[in-house]
Amino acid sequence: NAGVTQTPKFRVLKTGQSMTLLCAQDMNHEYMYWYRQDPGMGLRLIHYSVGEGTTAKGEVPDGYNVSRLKKQNFLLGLESAAPSQTSVYFCASSFAEPPYEQYFGPGTRLTVT
Amino acid sequence: EDQVTQSPEALRLQEGESSSLNCSYTVSGLRGLFWYRQDPGKGPEFLFTLYSAGEEKEKERLKATLTKKESFLHITAPKPEDSATYLCAVVGNTPLVFGKGTRLSVIA
Numbered sequence: 001n002a003g004v005t006q007t008p009k010f011r012v013l014k015t016g017q018s019m020t021l022l023c024a025q026d027m028n029h030e031y032m033y034w035y036r037q038d039p040g041m042g043l044r045l046i047h048y049s050v051g052e053g054t055t056a057k058g059e060v061p062d063g064y065n066v067s068r069l070k071k072q073n074f075l076l077g078l079e080s081a082a083p084s085q086t087s088v089y090f091c092a093s094s095f096a097e098p099p100y101e102q103y104f105g106p107g108t109r110l111t112v113t
Numbered sequence: 001e002d003q004v005t006q007s008p009e010a011l012r013l014q015e016g017e018s019s020s021l022n023c024s025y026t027v028s029g030l031r032g033l034f035w036y037r038q039d040p041g042k043g044p045e046f047l048f049t050l051y052s053a054g055e056e057k058e059k060e061r062l063k064a065t066l067t068k069k070e071s072f073l074h075i076t077a078p079k080p081e082d083s084a085t086y087l088c089a090v091v092g093n094t095p096l097v098f099g100k101g102t103r104l105s106v107i108a
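Note that the protein sequences, when read in sequence, are chains X and H.
Throughout the first sequence, residue numbering follows my numbering, covering 1 to 113 in sequence.
Throughout the second sequence, residue numbering follows my numbering, covering 1 to 108 in sequence.
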């Protein structure tokens, strides 16, 4: 089992460029999540999905879009990147809704210049 | 609004020097409190879930406890490999809310 994997591991964007981060899990989990982690801020929830074809907003959704076309994949899109989106992005998945534990991927470090 | 506060922000221990990390929380209808470990450059790794006041869980040198207002992560006789950032999170009526973490350094 690979668990939760994220692609890419690192990325540098210029302001205004777009990109998609891919998250994949092989644990047959229903729930998937995208977080960002910034120094001094802790992990903050961007969007989440409670099943294939569903998405919902988290604490900091502005500037991001998501899609869950397949149960095992959860995509995070940045349509027009801004320097404020420089962060480390983590994907997570869980079998069902909390308090089931979430399992995290290794992260994507994104820099927007 | 659900909130989680962890203290101290950073803790430096000598190998074998036991201590505790604190996680204070305010949440509407606590459904679970989580502890995670995060190593530099990696994603958080699940340690424990606590569901109700009075509950305790142990794993190797770690023991987590829960009251109605806070949780403690007790580290007994720590080793250098216990060095990491420890994150606390709660779930109530909203999705998981994380604290900012405690950065633990254990010196040989």
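Watch out, some of these pointers could steer you wrong.
[Claimed, not checked] For lysine-lysine, the following DSSO-like pairs were computed, each having C-alpha atoms within a straight-line distance of at most 30 Å:
| # | chain 1 | residue 1 | chain 2 | residue 2 |
| --- | --- | --- | --- | --- |
| 1 | H | K68 | X | K57 |
| 2 | X | K57 | H | K69 |
| 3 | X | K57 | H | K63 |
No lab work stands behind these hints: they were computed from the structure.
- Just pull the numbers of the violated hints for me, sorted ascending. 3
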